[in-house]
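Enquirer: Below, each chain spelled out in residue letters.
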Amino acid sequence: MTDVSTNMRLKLPVTCLILEIILIILFGALVQYDHGTDAKEWHNASHGDYNNDFYYRYPSFQDVHVMIFIGFGFLMTFLHRYGFSSVGFNFLIAAFALQWATLMQGFFHGMHAGKIHIGVESMINADFCTGAVLISFGAVLGKTSPVQLLIMAMFEVTLFAVNEYIVLSALGAKDAGGSMTIHTFGAYFGLMVTRILYRPNLDKSKHRNCSVYHSDLFAMIGTLYLWMFWPSFNSAVTAHGDDQHRTALNTYYSLAACTLSSYALSSLTAHDGKLDMVHIQNAALAGGVAAGTAGEMMLTPFGSMIVGFLAGIISVLGYKYLSPILEEKLKIQDTCGVHNLHGMPGVLGAIVGAITASFATKEIYGDGLADVFPDVASGDIQASSQGVRQAISLAVTLGIALLGGLIVGFILKLPVFGAPPDTICFEDSIYWEVPGEEAAHHDDQLTTVRTEESEKLNS
Amino acid sequence: MTDVSTNMRLKLPVTCLILEIILIILFGALVQYDHGTDAKEWHNASHGDYNNDFYYRYPSFQDVHVMIFIGFGFLMTFLHRYGFSSVGFNFLIAAFALQWATLMQGFFHGMHAGKIHIGVESMINADFCTGAVLISFGAVLGKTSPVQLLIMAMFEVTLFAVNEYIVLSALGAKDAGGSMTIHTFGAYFGLMVTRILYRPNLDKSKHRNCSVYHSDLFAMIGTLYLWMFWPSFNSAVTAHGDDQHRTALNTYYSLAACTLSSYALSSLTAHDGKLDMVHIQNAALAGGVAAGTAGEMMLTPFGSMIVGFLAGIISVLGYKYLSPILEEKLKIQDTCGVHNLHGMPGVLGAIVGAITASFATKEIYGDGLADVFPDVASGDIQASSQGVRQAISLAVTLGIALLGGLIVGFILKLPVFGAPPDTICFEDSIYWEVPGEEAAHHDDQLTTVRTEESEKLNS
Amino acid sequence: MTDVSTNMRLKLPVTCLILEIILIILFGALVQYDHGTDAKEWHNASHGDYNNDFYYRYPSFQDVHVMIFIGFGFLMTFLHRYGFSSVGFNFLIAAFALQWATLMQGFFHGMHAGKIHIGVESMINADFCTGAVLISFGAVLGKTSPVQLLIMAMFEVTLFAVNEYIVLSALGAKDAGGSMTIHTFGAYFGLMVTRILYRPNLDKSKHRNCSVYHSDLFAMIGTLYLWMFWPSFNSAVTAHGDDQHRTALNTYYSLAACTLSSYALSSLTAHDGKLDMVHIQNAALAGGVAAGTAGEMMLTPFGSMIVGFLAGIISVLGYKYLSPILEEKLKIQDTCGVHNLHGMPGVLGAIVGAITASFATKEIYGDGLADVFPDVASGDIQASSQGVRQAISLAVTLGIALLGGLIVGFILKLPVFGAPPDTICFEDSIYWEVPGEEAAHHDDQLTTVRTEESEKLNS
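Chains as they are written, first to last, in my numbering: chain P, 18 to 476; chain L, 18 to 476; chain C, 18 to 476.
These are calculated hints, taken from the structure and not from any lab test. Every residue, glycine too, gets a C-beta built ideally from N, C-alpha and C. Do not take every clue at face value.
List time: in silico DSSO-like cross-link candidates among lysine-lysine, alpha-carbon distance up to 27 Å [claimed, not checked]:
no.	chain 1	residue 1	chain 2	residue 2
1	L	K379	C	K132
2	P	K132	C	K348
3	L	K430	L	K348
4	L	K348	L	K337
5	C	K379	L	K379
6	L	K346	L	K223
7	P	K57	C	K379
8	P	K379	L	K132
9	L	K379	P	K379
Which residues of chain L face chain P? A partial, calculated answer using Cβ under 7 Å [what the hints assert, rightly or not]:
no.	residue
10	H60
11	A62
12	S63
13	I213
14	F235
15	K348
16	I349
17	L423
The following residues of chain C were derived to be distant from chain P, with all beta-carbon distances above 12 Å [what the hints assert, rightly or not]:
no.	residue
18	G127
19	I183
20	P318
21	G383
22	V405
Here chain P stands alone, though its shape is the one from the complex (with noise of 0.2 Å):
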């Protein structure tokens, strides 16, 4: 595993511009301004401006947005020696994924006459795309190089639009929230990655793989603003009028039963009763995923509560018992846990979502039915068959998303990546300028300067 070097000096920036400039180049070719967004297309027709879809989605691209860099950045910050390469690293191969997943997104489902139209739709789709990279950094954060991520991105990005457009336009599933093709992707995806790096010798590193108090707290920066805007996420690219206020009522309800079974769980299971900042950072927004596909339908607050009650309490207990089981048994070290707060809990949500789809009903959701389901609401297909859709759409999602990882783990296994070495994972200074701690000279020093002249000075 270990690499000749871990010097990025030529290898990041190699990777950085090439990428770039083959992403300029593409846009250059292939993509162009939307109906709403072009100056000439939107002034064509006749609408008020009120009607650009701009006003309907912006707010919300902003809270997914919030989620993308502030929530999943400063959620890995709980290590104690990787928060540069966190919030770092995260924002990195963030702004590399959703250009990329602009191209590979509009590739499958934005093309016009040979061209990728783009405008806030689009973007939160690249977004949404990025969230599932992210998520798979989080099962082999503090274990990679920049450049293996780079490259990790570009691969997932890639598989990640064609199981969309599989579940999606092909299969003709639902899943606007993501649990199928954001969280139970990127999980299994970043599941596969990491078992294939296994690194036999990552107890020398274990010291590291551990948080300090203010690093929980920055911690928590992350999983406030995730919890908080989740309600947005999962809401963001439903229909417009009761279908985006319905989502975000749904997940509302379901986080917040999420987090007192969370709770609940992460108290029962200590002999001491004491709460761990795990479980609250990553459990509590477990119902979050849960209601990812769900969310749209006519769920029931009542409903969207179960889900969330149940998730919670699935998350802990993974943490507590499951994670060390799959690191042990099956060689998955998986440092934030994936598993347990996207992994499970996608699975979950795709469930729901295929049982909630069996019994829509034109009574339930009246002209809405199209909306939601417009092929049970056409004729075309029985509710029914809407959920076996559902189904079937888990099942490709968990085999692209695993064959996916073993191809792609094998790739970042090439010993040319700059990968650190067993001993020195879950730490900055390997790839990052580190100041020192503040230092107990500079304070002695700046007790004499003050003692000197606070006299004179505050007179």
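We have chain P already, so just place chains L and C on it with the hints.
Expert: The following block gives chains L and C in isolation, referenced to the frame of chain P:
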């Protein structure tokens, strides 16, 4: 005061799980989507999707949501050993309170044919009610177990809904930003609770009742989010159009003026002219509290600035001179000084609201009078009567808050909730697994590793 | 440079109180609600509430607001002993500047029958003007008293409004995101001020002019909020509809491309390939600055990415090679390197804007041309003339900024404002009550308490 045991292993899980299960059952029995959230209902009527209340209020909701979870949560992290509890208990009781508030507020003013109808406006109101609970939490910060806080939240939400019903529905007062119903209520309720829970030996924990450098910076995150989003808070449930617009603008200028007077007074009241972080973190927010009632009225920017200016002065003086007296003479141990940030500025806001309402005329408001003072617009009452309504509402709020706090304080005093002993207040480690500080030997180890490996790596 | 006394007890309160009282009086005399904010005015006309400008611009306003208070405030907390001042003085001068800007900007382009009309657009513009002041604050960071900063803000806001009037109204240039009026102006004004305030003995405070691990993480909060919300910043005051939509999209891609080139150059210019937090925190934002003028034009995503890509390269090279030269040769002590983040990228943005404007045609913009270039659309001028207008505006902005900074620098040099001596720059404790670090004896005490009580408690 000292309980037999602070071990939460059974108490906290049982409390959380029972409360959540009750909530789920009641939601199943009573709660329904409202007109803008229900698929069938929304599609039954004919209106553009841009008319869905979601688009008028959801951005404001998200800002309020950030204030509740990040704003209040981080504002209280100023204590150097209570950051986990500040953010974490804030998170727990807010997640509980918003669900319970949905039911209680719905019961009092959201029932339609036996069902509680919910949507974005009820979500904002639930967050508002939660805000009052978090204000009370500030008064007892560091001295209560999470179980006590959940019990307090349960009773306080209930009484909040009763008071809100009396003030807004029965008395017909206006209080969109909650100077009375949220701030005055939350503050005086909390002050009475902390009075009843008086700890004579709290000075044994005095060395932990203070901040460190970085904890004060974390607290500034909370302060600034509260400050920035207060215009959204006060305008979130006002009428569409000019009302939301005007309320946001009034609050913006009130806060700006308040900031300057807070800085001025903070420096003026220190013998060496140095600014005190306690004042900056708290008093600079008083302008938002004080604009909570009159913000939606034609207060003018000029009036708003005067109100904010006074609120900042009152608040700093309260922290400096009144709080020590309250603690010594009245035995009110107000950890966060909620009397200075929410209590007095809330009362000021109520008075300003009563005065401003008294001068409302058709000349000033035009047809907009019906939005702000429907009973005055319809000719049912005089503007001066509206002023009287406002004043009575303040008295009622104070009465219910103090009486409620008295009763709830005695309930919380029962020695079964696992409160911390006087010697271990303001301390995370009795309820949380707390990691060590960044241990010196880790860095030593690291340095050794680095020295050994650096040459072969950075080649 | 050293003042007689840095004690702020009279200077700061008197300055704050006099300024605020003047503001209140002028607001009382001159300021009125605008059409969308005034109850009577709004209800006089017939239009749906969704047409109120509040709903088009308030979400963007809130994003801009976060950039001003959290973004700028925390970006500057990278210094290890200057966090209170960075966030706290940022807060103070922003709260003052936005009020003063309302008057100055209103005076120059918001007067209606002798009154200044205000609403959400004027609030955004006031925040924009504040942004320029905060950029200048970055240049002098650590070397000025709060009174100096308030005086600087007063003059700079006034000159900003003059320059803005000349550029946007008299010359008819376009600059929605302020590459010229905000970034170029703020940077060169601040650079000239810091040149005049040159401190020959600043190296005596050199040991405090650096970061520690956690201060760099706090700074990343600022960076990411600026980065995420820059699309809102550039689009906040553009025309409704496609213009806002397109500007946000262009800025999004410019920033993403800029991030990749910043990381590449940061690693490339370090001899060991390690990333430098200074570059990541700052240079990655240059893409937002550089898209400030042309963002609303039909720049295309392709063009935006090229601009961002170049801005990142220029900015890192500036930090690495140009800043040391400016300090040594030109005696410009630019604490935050605003020349690299705002100065050069601002000039780049202005040039890109001039070029893009020159190529504007009816073929490309259709009827949307009237939104972006009204004088070109009406046939009054050629597109090439619009390009000349843009270029002249850059020159005017540079001239007013440098001349203004020169004069204001000399005013600030008067030895009455309590500036810190060269030996105590970059230090909170002369203006703030600063708590101690987490003292060892506290934890010792705590450990004793814990050991004593832990057995009886956790039973």
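Enquirer: Each hint should be assessed against the structure and marked as holding or not.
Expert: Each hint, compared with the structure:
no. : hint               : result
1   : K379/L with K132/C : 22 Å, holds
2   : K132/P with K348/C : 52 Å, violated
3   : K430/L with K348/L : 16 Å, holds
4   : K348/L with K337/L : 17 Å, holds
5   : K379/C with K379/L : 48 Å, violated
6   : K346/L with K223/L : 18 Å, holds
7   : K57/P with K379/C  : 8 Å, holds
8   : K379/P with K132/L : 22 Å, holds
9   : K379/L with K379/P : 48 Å, violated
10  : H60                : 4 Å, holds
11  : A62                : 10 Å, violated
12  : S63                : 11 Å, violated
13  : I213               : 26 Å, violated
14  : F235               : 6 Å, holds
15  : K348               : 31 Å, violated
16  : I349               : 29 Å, violated
17  : L423               : 28 Å, violated
18  : G127               : 22 Å, holds
19  : I183               : 27 Å, holds
20  : P318               : 5 Å, violated
21  : G383               : 3 Å, violated
22  : V405               : 22 Å, holds
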